[in-house]
Amino acid sequence: MNPSSQELLIDIRGLKTHFPLDEGVVKAVDGVDLSIHRNRTLCVVGESGCGKSITARSILQIVDKPGRIVEGSILYYRQSGMGNVEVIDLAALDPYGAAIRDIRGKEISMVFQEPMTSLSPVHTIGRQITEAIRLHMPLSKREAKAHAIEMLRHVGIPQPELRFDDYPFQLSGGMRQRAMIAMALSCNPSLVIADEPTTAVDVTTQAQILELLARLQAEHGMAVMLITHDLGVVAETADDVAVMYLGQVVEFGTVEQIFFSPKHPYTRALLKSIPTMSRRAQGRLDSIRGMVPDPFNRPQGCPFHTRCEEKIAGVCDRIAPPRITLEDGRDVRCLLYAQDIEMTPVQDAA
Amino acid sequence: MSAHLSEMSTISANGAAPLLEVNDLHMHFPIRRGFLRRVVGHVRAVSGISFSILPGETLGLVGESGCGKTTAGRCILRAYEPTSGRILYRQPDGKQVDLAPLSAQELKPYRQQIRMIFQDPYSSLNPRMTVLELISEPMRINKTVAPSEMQDRVALLLRKVGLRPEYMRRYPHAFSGGERQRLGIARALALDPHLVVADEAVSALDVSVRAQILNLLQDLQEEMHLTYLFVSHDLSVIEYLCDRVAVMYVGKIVELATTDALFSQPKHPYTEALISAVPKPNPLLRKRKQRIVLEGEVADPANAPSGCYFHPRCRYAEARCTAETPELRNVGGGHYVACHFAEKLTLRGAESVALDV
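Quick mapping for you: the protein sequence lines, in order, are chains S and C.
Position 338 (the first sequence) corresponds to 365 in my numbering; numbering is contiguous.
Position 21 (the second sequence) corresponds to 273 in my numbering; numbering is contiguous.
Isolated chain S, as found in the complex (with noise of 0.2 Å):
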């Protein structure tokens, strides 16, 4: 990865959103830092719980209460005509305010999991998509149901004027999420979140939708932030890669640096219990053991320590890692990689 050579669009420093709750605090995104760039896909890989779907909500603002977020910046490089980049800081604007209002669904828009849920079940999808449009764009009524009939057809839905009066209910679950599709994209955004867009689908159903968004990048030139539990999706759509654990992007590079050699220890333990037939003829999967710590009861130092291969007693257990940026570019918050960092274990003083 070579960032001078490509433009920043999204750049997160130690985002911290915390949600105080009467058991204690969880702390679901515990200093995220990743950077997205125009034009390129990034996935967001991680376990359920590690914080990947609220560092996305954290972009746009809309994370649910009592989350808030505590610290850290989400720099976004707006594009305001004539080659001029303003610097808008997301996380110190208010949710509630006209300005993230004014970004949210028009530059920066989001694809959810579950069509069915996040779809108005009392309004026809036409309907739901020229709301967006007629909130950003000037358009007048017709012009913005023409251009919704416009977008359900560059998704891929038959017979667009009739699908503009259905109901979600009405469509397939992957016609449902092309229609969010064509919302999301309806006015042309600089960066489409899409939050585990295939999870509710088929694989096959699934390998239209990956099409779909890939076709749409292509032709958009967007950016796209996916996040997916899936390391197959990943390895077919990413350009960057953000594998997170409790709250934290413990590595971040090129898909090929993190497919070909992953750095630190959880990312090449996700990448060994994938199942495969040559993972068959060994006998067993490499699994990691134990499981995600408790959210109220984060580990000491490093939050993988617990579960690590590589740990190294007395250091892991103490010292939270920092970032560290190795040769190649990536980022990674090992302190296998760590040089300047007192590494001598602490025996028991006792």
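Worth flagging that the hints you see were computed from the coordinates, not collected in a lab.
Note that CB positions come from ideal geometry on N, CA and C, so glycine has one too.
Mixed in with the good hints, there may be bad ones.
[Unchecked claim] Below are the DMTMM-like pairs computed for lysine to aspartate or glutamate, each with C-alpha atoms no more than 25 Å apart in a straight line: (1) C:K412 / S:D313; (2) S:K43 / S:E134; (3) S:K299 / C:D345; (4) S:K299 / C:D495; (5) S:K43 / C:E474; (6) S:K133 / S:D49; (7) S:K299 / C:E474; (8) C:K395 / C:D345; (9) S:K338 / C:E474; (10) S:K54 / C:D350.
[Stated by the list, open to error] Partial list, computed: chain C residues near chain S (C-beta under 7 Å): (11) S428; (12) D458; (13) L466; (14) L472; (15) Q473; (16) E474; (17) H477; (18) R496; (19) P531; (20) Q542; (21) V545.
The hints should help you fit chain C onto chain S, whose structure is shown.
Frame of chain S; chain C shown alone:
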């Protein structure tokens, strides 16, 4: 139909006699409309499937949602009463019994021998029962274990599935998804079953936990001589776990073969498309291969197309496919395909995706 079925059983008779033989099984659900709830049609969820499972093997049943794989599994458990067909189960003494027409009372002894692992570990465990109550329930109802020995037995089962017996008094909410799935497995194994139907048993789990559960299922199979019918939509899990695989499409089996043969040399165009649609965890493959993207949607089982059900989406369809329904037939070496052109087509299998990590 009957001709090639007898052939099927002779093949399996080479080794051991099959534990389960399913014979032209149909399960149709009536569609009722109007004030009088008149039957206006049928959803042919399962329309004439036949397969057999050998003792000790894992048979995978794979297909997209709505293809009838879950219904087929439930018919075998007799959670549904099949419309027609035979479900021949071989008892430990070697006698075969047809489960399809039996009444609830007559089924009772077989219910102990055929058990189920459910998909969703959150909704399949009663939140108001402790682990002890949950796991001992099947044994208490079937009176297989004396009440005084119950705790020891539950502790043994918990250890077997990798949980600590001290957690016996806890309620399901205190466990994570992977641990709950282990509880579900312990419950399924409580009666020492012979056949276990696992319906999407690992679909709700994360990658790392999924690997743990798959390993556990394999260990238990070896230890307790279990036979699995593994129902899943996930081809990579099927490929990893199963000895033989049956692919279903709109209520019919379109291909049945050993896992190696099915994935390396698929003979049905639907299997080819399904394998090609699975995202491969290797970025190099994305440049090399052309993904087959199926057009349109899965056919409606209440209103299936004529001839071969797959013909409207098939790349190789010819005039014959719209008129004649292909039978599932043996194309050699126990590879069964329901396609008129199985011998002529050269289809693409799964590419090697080995990553050195």
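Against the structure, the hints come out as follows:
Using a Cα cut-off of 25 Å, the hinted pair K412 (chain C) and D313 (chain S) holds, with the two alpha carbons roughly 19 Å apart. Between the alpha carbons of K43 (chain S) and E134 (chain S) the distance comes to roughly 23 Å, so the proposed pair stays at or under 25 Å and holds. Between K299 (chain S) and D345 (chain C), the direct Cα distance comes to roughly 43 Å. Violation of the 25 Å bound is thereby established for this hinted pair. Note on K299 (chain S) and D495 (chain C): the hinted pairing holds, with a Cα-Cα distance of about 22 Å set against a maximum of 25 Å.
The straight-line distance between the Cα atoms of K43 (chain S) and E474 (chain C) is roughly 47 Å, outside the 25 Å bound, and the hint therefore fails. Restraint check: the Cα-Cα separation between K133 (chain S) and D49 (chain S) comes to about 36 Å, which exceeds 25 Å; the hinted pair is violated. For the hint linking K299 (chain S) to E474 (chain C), the alpha-carbon distance of about 23 Å falls within 25 Å, and the restraint holds. A threshold of 25 Å between alpha carbons decides the hint, and for K395 (chain C) with D345 (chain C) the separation of about 21 Å falls inside it, so the pair holds.
As the CA atoms of K338 (chain S) and E474 (chain C) are separated by approximately 33 Å, the hinted pair breaks the 25 Å bound. Restraint check for K54 (chain S) and D350 (chain C): the C-alpha separation of about 56 Å exceeds 25 Å, so the hint is violated. At its closest, the beta carbon of S428 (chain C) sits 5 Å from a beta carbon of chain S; the interface hint therefore holds under the 7 Å criterion. Interface hint status for D458 (chain C): upheld, as the beta-carbon distance to the closest one in chain S is roughly 4 Å, under 7 Å.
Given the 7 Å rule on beta carbons, the hint for L466 (chain C) holds: about 6 Å separates it from the nearest Cβ of chain S. For L472 (chain C), the interface hint is violated, since its Cβ never comes within 7 Å of a Cβ in chain S; the closest pair sits about 13 Å apart. The closest approach between the C-beta of Q473 (chain C) and any C-beta of chain S is roughly 13 Å, which is over the 7 Å cut-off, so the hint fails. The restraint placing E474 (chain C) at the interface with chain S is violated, with a minimum CB-CB distance near 11 Å, outside the 7 Å limit.
The interface hint given for H477 (chain C) is broken, as the beta carbon of that residue sits about 18 Å from the closest beta carbon of chain S, more than 7 Å. For the restraint placing R496 (chain C) at the interface with chain S, the shortest Cβ-Cβ distance is roughly 13 Å, beyond the 7 Å limit, so the hint is violated. With 7 Å as the threshold, the beta carbon of P531 (chain C) comes within range of chain S, its nearest partner Cβ sitting at about 3 Å, so the hint holds. Given the 7 Å rule on beta carbons, the hint for Q542 (chain C) is violated: about 11 Å separates it from the nearest Cβ of chain S.
The beta carbon of V545 (chain C) is positioned within 7 Å of a beta carbon in chain S (closest approach about 5 Å), and the interface hint is therefore held.
The structure fails to meet hints 3, 5, 6, 9, 10, 14, 15, 16, 17, 18 and 20 from the earlier list, while all remaining hints are met.
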